[in-house]
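Going down the list, the protein sequences come from chains A and B. Take the first sequence: its letters are residues 3 to 115, numbered as in this note's numbering. Take the second sequence: its letters are residues 6 to 650, numbered as in this note's numbering.
Think of the hints as simulated: they come from the structure by calculation, not from any bench. Cβ atoms here follow ideal geometry from the backbone N, Cα and C, with glycine treated the same way. Any given hint could turn out to be false.
Once the Cα atoms are required to be at most 27 Å apart in a straight line, the calculated DSSO-like pairs of lysine-lysine come out as [claimed, not checked]:
id: 1; chain 1: A; residue 1: 16; chain 2: B; residue 2: 543
id: 2; chain 1: A; residue 1: 16; chain 2: B; residue 2: 345
id: 3; chain 1: B; residue 1: 481; chain 2: B; residue 2: 543
With beta-carbon atoms standing in for the labels, derived distance ranges [as the list claims (entries may be wrong)]:
id: 4; chain 1: A; residue 1: 10; chain 2: B; residue 2: 12; range: 31 to 41 Å
id: 5; chain 1: A; residue 1: 26; chain 2: B; residue 2: 387; range: 22 to 32 Å
id: 6; chain 1: B; residue 1: 450; chain 2: A; residue 2: 25; range: 55 to 65 Å
id: 7; chain 1: A; residue 1: 26; chain 2: B; residue 2: 450; range: 45 to 55 Å
id: 8; chain 1: A; residue 1: 86; chain 2: B; residue 2: 280; range: 51 to 61 Å
id: 9; chain 1: A; residue 1: 16; chain 2: B; residue 2: 12; range: 50 to 60 Å
id: 10; chain 1: B; residue 1: 414; chain 2: A; residue 2: 112; range: 26 to 36 Å
id: 11; chain 1: B; residue 1: 268; chain 2: A; residue 2: 112; range: 49 to 59 Å
id: 12; chain 1: B; residue 1: 387; chain 2: A; residue 2: 33; range: 15 to 25 Å
id: 13; chain 1: A; residue 1: 10; chain 2: B; residue 2: 387; range: 47 to 57 Å
id: 14; chain 1: B; residue 1: 386; chain 2: A; residue 2: 88; range: 55 to 65 Å
Sample of chain B residues with no beta-carbon within 10 Å of chain A, all distances over it, derived [unchecked claim]:
id: 15; residue: 289
id: 16; residue: 346
id: 17; residue: 413
id: 18; residue: 619
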Amino acid sequence: MSEPVDMSVIESLKELGDVELVHELVEIFMEDTPPRLEELSKACLEGDAQRIESLAHSLKSSCANLGATYLSEICRELESQGREGELGRAKELIVLSKEEYRRVSESLQNCLE
Amino acid sequence: MRIDFEELKVSGKLPSPPGVGMAILRLTQKDDYCIAEIAEAIQADPALTGRVIKLANSSKSAMVNPIVSIEEAVKRLGVRTLKAIALGFSLISSYREGVCTAFDFEMFWSESLARAVAAQAVANRQHLADPAEAYCCGLLAGVGRLALAWVYPDQYASILVENADSGDVAARLRGESETFGLTSADISESMLADWGFPAEHVEAIGDFGRGEQDPSEMTPGRRGLVSSLRLGQAIAGVCIQDGDASGAWADLIGTAERLGIDSESIQSLASDVAASWEDWGAVLSLPTQSLPAFPDASHAEAEDDAHDDGASSVDEPVSTTPSRKKSRVLAVDDERLSLKLIRHHLEKAGHEVLVASNGDQALEIAMREDPPIIVTDWRMPGMNGLDLVRMLRRYERGRATYIILLTGSDDEEQVVEAFDAGIDDYVTKPFNPRVLLARVGAGERVAHLQEQVEEDRRMQQHQMKELAILNRKLKKASITDPLTGLANRRYAMERMRESWSGIERLPKPMALVMIDIDHFKRVNDEYGHAAGDAVLQKVADVFRDQVRHSESICRIGGEEFLVILPQATLEEAATCAERMRVGVASAEIEAEGFRGGVTISLGVASSEQTDQSVDHLLNLSDAAVYAAKAAGRNRVVVADAPVRT
């Protein structure tokens with residue numbers, strides 16, 4: 003499996019902005035992502051495809067901004083399942099995304115230290 | 006290399022005003038041009054028209070009586086100023102960029118504009134020179150530098166680069182002189198002289214450019230201009246400063262004190278200038294910025310130092326490049342991390358950023374704040390990006406906005422859908438900040454052009470209104486006798502026929518009173534035509550007092566008048582005629598050597614006496630005047646025709 007966070011994205015953020023920007027972005031990410039993942043689980047239980055699509059879409063773009071490529075891929079998959087109303091793999095993908103989030107957050111925390 | 010101005014001139018390489026500027030230059034080089042011709046030439050360019058009117062209105066008297074037409078502007082500014090301004094503004098439009106790498110053409114104009122506005126304000130406040138003339142001189146004072154950068158881009162660039170750090174004007178002038186054998190100040194002088202600027206202005210601009218230190222030898226007019234330009238330049242130096250402005254402020258305070266202006270007054274003047282500079286910058290599409298803050302008390306020492314150093318340079322600093330004022334951008338994204346990132350990059354690039362986290366909020370902000378550029382995400386809960394674009398495009402405000410869509414994919418179908426909705430451009434996510442900024446930059450250019458188009462459109466509308474007013478005035482002029490202000494013969498004939506054709510429908514007949522001044526030829530012969538004209542004017546005044554509807558009194562010949570009474574019986578007309586006779590006979594006239602009175606003979610006729618034609622009616626009244634003359638003048642005679650009952 004690839005690295006959870008593409009460090010070149012973080013590096014270019016540091017270059018373009020500053021370390022503080024990266025801190026703030028990571029903070030926002032850590033704050034926003036867990037409740038979104040919980041929401042996703044809930045929406046999955048309720049079979050609310052539209053909600054899944056919209057949550058996965060938002061999560062996808064914030065992941066991409068921070069270089070969390072694989073997590074972003076999972077979200078893309080979830081988003082398209084939601085869009086098509088085919089929730090066959092949704093539960094599995096959400097479990098996967100929660101695991102991946104743990105790796106991503108560890109990795110992000112490491113790169114801040 | 007030695008350059009010779011005459012050679013340079015014939016080479017045709019020198020910057021020269023295009024279009025309207027050139028037309029005005031040519032016009033004013035003839036001896037017999039008139040103001041109307043100049044007004045006409047300016048009106049050929051709506052943008053120029055607007056700018057000239059704006060300048061005319063920037064003086065104090067204009068607050069009470071704002072100028073709206075170019076003719077008035079010409080009158081207020083004078084031909085001299087107008088010519089200079091047309092020249093300056095048309096140069097700005099055409100020489101905005103060039104190949105000389107070290108010379109920022111836009112910044113050059115921005116600084117020239119600041120100097121112009123500042124010199125105007127200084128001249129106005131200190132009564133040093135005519136404010137509008139100071140403005141023109143300020144605008145064109147650096148034109149020699151423009152010429153060098155334009156004609157000798159490489160050589161001039163190396164001079165600028167060598168002197169870039171010092172900002173020392175004297176060093177730059179030495180460099181110019183070593184390379185070219187003359188300085189930019191000399192070239193400014195020659196160019197302005199060649200354009201037919203008054204000698205005083207040419208000399209003042211030369212003195213200013215060379216930094217001549219002792220203006221006491223000069224004529225007062227020249228000294229006033231030089232001082233206005235010096236202080237104007239010092240204010241401009243503060244205006245354009247993008248880094249630490251304390252040095253520029255110190256220069257300014259020093260220069261101002263030499264002119265007897267205290268620190269507090271100059272600060273307030275500078276802040277007025279900066280506001281007006283920003284204003285003008287928008288009109289001329291030149292970059293400006295707000296005034297750098299005045300250094301606080303801890304810098305007071307630096308000020309005093311500069312003050313003691315009397316020779317400190319107040320001329321154009323070379324190495325100042327404030328960034329162009331960036332457009333405001335509205336960024337819309339429901340994802341707060343993305344929004345933060347977009348905002349960060351835009352702000353870092355100098356944009357003022359408004360943010361909205363959903364479509365509804367974005368629409369509200371866009372309507373209220375009218376940002377020229379919007380960057381919006383597509384997928385958002387509620388009103389999404391494309392819905393927002395469609396809404397915006399429905400309103401006049403939103404139609405001109407440049408909209409960039411952030412999209413997750415560049416799938417063909419989706420891209421087409423987005424353009425159909427009305428976006429101008431798109432950037433795929435996750436976005437590359439440099440690409441996003443480049444796209445925003447492109448949008449900025451388009452938005453800018455759009456603004457100019459809008460401005461031109463407004464000017465055109467304004468001109469249409471002006472034209473309608475002018476037409477009305479012309480119409481009035483075509484039916485008015487210029488000497489007496491009464492209606493003229495053309496109007497009389499029209500009005501008479503009109504009344505005649507209506508008499509059938511009206512309860513009362515129409516009547517004519519034909520009037521001739523007695524022995525008028527004698528007045529002319531004995532006292533001259535000026536006295537004759539004065540008599541005609543006085544008689545006309547008496548008529549106006551005696552006849553209720555003065556618009557029906559017409560001067561139809563040299564000393565012949567006709568009163569048309571569309572609703573009067575013969576008797577009423579005769580009464581009116583008698584009133585006029587008495588009025589004139591009792592009037593004392595004293596003008597142009599003539600002293601005394603005149604009398605008039607009047608003939609009255611009415612449509613009760615004829616049904617043939619209006620011409621017959623006119624003949625009857627004419628014949629009655631003859632009868633009055635024959636009977637001894639100074640009397641009213643009613644036409645010799647039976648009244649039909």
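Against the structure, the hints:
1. A:16 / B:543: violated, 89 Å
2. A:16 / B:345: holds, 14 Å
3. B:481 / B:543: This hinted pair holds, its Cα atoms lying about 22 Å apart.
4. A:10 / B:12: 31 to 41 Å: Violated, at about 59 Å.
5. A:26 / B:387: 22 to 32 Å: holds, 26 Å
6. B:450 / A:25: 55 to 65 Å: With a Cβ separation near 35 Å, residue 450 of chain B and residue 25 of chain A fall outside 55 to 65 Å, so the hint is violated.
7. A:26 / B:450: 45 to 55 Å: violated, 32 Å
8. A:86 / B:280: 51 to 61 Å: holds, 58 Å
9. A:16 / B:12: 50 to 60 Å: holds, 57 Å
10. B:414 / A:112: 26 to 36 Å: holds, 31 Å
11. B:268 / A:112: 49 to 59 Å: holds, 56 Å
12. B:387 / A:33: 15 to 25 Å: Between residue 387 of chain B and residue 33 of chain A, where Cβ atoms are some 22 Å apart, the hint holds.
13. A:10 / B:387: 47 to 57 Å: violated, 35 Å
14. B:386 / A:88: 55 to 65 Å: Since the Cβ atoms of residue 386 of chain B and residue 88 of chain A sit about 21 Å apart, the hinted range of 55 to 65 Å is violated.
15. 289: Given that every Cβ of chain A is farther than 10 Å from that of residue 289 of chain B, nearest at about 34 Å, it holds.
16. 346: At about 6 Å from chain A, residue 346 of chain B fails to clear the 10 Å cut-off, so the statement is violated.
17. 413: violated, 7 Å
18. 619: It holds; residue 619 of chain B is separated from chain A by about 86 Å at its closest Cβ, greater than 10 Å.
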